[in-house]
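*Asks:* Start from the sequences, fold in the hints, and give me the full structure.
Quick note, the sequences are listed as chains A and B, same order.
Each residue of the first sequence is one higher than the last, beginning at 105 in this note's numbering.
Each residue of the second sequence is one higher than the last, beginning at 1017 in this note's numbering.
Check the hints yourself; a few may be wrong.
[What the hints assert, rightly or not] A few chain A residues that don't get close to chain B, going by computed Cβ distances all over 12 Å:
| id | residue |
| --- | --- |
| 1 | 122 |
| 2 | 166 |
| 3 | 169 |
| 4 | 171 |
[What the hints assert, rightly or not] So the derived list for chain B, only partly shown, Cβ under 10 Å to chain A, looks like this:
| id | residue |
| --- | --- |
| 5 | 1020 |
| 6 | 1022 |
| 7 | 1025 |
| 8 | 1050 |
| 9 | 1052 |
| 10 | 1059 |
| 11 | 1060 |
| 12 | 1061 |
| 13 | 1062 |
| 14 | 1065 |
| 15 | 1107 |
| 16 | 1108 |
| 17 | 1120 |
| 18 | 1121 |
| 19 | 1122 |
| 20 | 1123 |
Simulated from the structure, these hints should not be mistaken for laboratory data.
Small disclaimer: the values here were computed from a predicted structure and weren't measured.
From the three backbone atoms N, C-alpha and C, an ideal C-beta is built for every residue, glycine too.
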Amino acid sequence: DAGVTQSPTHLIKTRGQQVTLRCSPISGHKSVSWYQQVLGQGPQFIFQYYEKEERGRGNFPDRFSARQFPNYSSELNVNALLLGDSALYLCASSRGSGNTIYFGEGSWLTVV
Amino acid sequence: AQSVTQLDSQVPVFEEAPVELRCNYSSSVSVYLFWYVQYPNQGLQLLLKYLSGSTLVKGINGFEAEFNKSQTSFHLRKPSVHISDTAEYFCAVSEGESNYQLIWGAGTKLIIKP
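*Replies:* Encoded structure:
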């Protein structure tokens, strides 16, 4: 079975632009969560979705938004990009609360 | 508020030597504890987790960790490391049954010296 897949793997954007990152969970997993990992730091929780509803939100500005589709895939959107948004964005999926979460390999975003 | 402290940013160790990576947490409630490994240019992989029961938890690749509630610690150990263990190791904690909103430590780079 395929693991968590994310696209694109790498991208470069200019300050002020908008970006959309995509995530496909493991088959059968209904929960998707997003994390930001700045170089040299641990991941920071951004969002969690379960059954297409937002179940949790980290301490990120409103420029960050996400959604989950009927097939449980998810998108993370970031508007008005800042240099500080440069990071590895990780998506993780699980069957539900209390189950092990599995991470994708991430999308590297560089803002110039 | 929860926090996780990984005291060592880097741990160099000779191949086949034992290693301990330290993790301390702060929380006012019961927690679930996790160790993840991140190999270069890859995502995070679960090594082991403590949810309840035995305080000694065994994981993949020969790693184990011991939950010490009185010291609020969850140190990761391996009796003999290999060059393939070179990676960054992250300790994480969550409260309650929902393990999505993990709070992460800053990570410890394990450097294996030949």
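*Asks:* Evaluate each hint against the coordinates.
*Replies:* Against the structure, the hints:
1. 122: The claim holds: residue 122 of chain A sits with its nearest Cβ about 24 Å from chain B, beyond 12 Å.
2. 166: 19 Å, holds
3. 169: 17 Å, holds
4. 171: 16 Å, holds
5. 1020: Hint on residue 1020 of chain B: holds, closest Cβ of chain A at ~8 Å, below 10 Å.
6. 1022: Check passed: Cβ of residue 1022 of chain B comes within 8 Å of chain A, closer than 10 Å.
7. 1025: 9 Å, holds
8. 1050: Where the cut-off is 10 Å and the nearest Cβ of chain A is about 9 Å from residue 1050 of chain B, the hint holds.
9. 1052: 8 Å, holds
10. 1059: 4 Å, holds
11. 1060: Holds, because the Cβ-Cβ distance from residue 1060 of chain B to chain A comes to roughly 4 Å (cut-off 10 Å).
12. 1061: 7 Å, holds
13. 1062: Because about 6 Å separates residue 1062 of chain B from the closest Cβ in chain A, which is inside the 10 Å limit, the hint holds.
14. 1065: 7 Å, holds
15. 1107: 8 Å, holds
16. 1108: 8 Å, holds
17. 1120: Hint holds; residue 1120 of chain B Cβ to chain A Cβ min 3 Å, cut 10 Å.
18. 1121: Check passed: Cβ of residue 1121 of chain B comes within 5 Å of chain A, closer than 10 Å.
19. 1122: Check passed: Cβ of residue 1122 of chain B comes within 5 Å of chain A, closer than 10 Å.
20. 1123: 5 Å, holds
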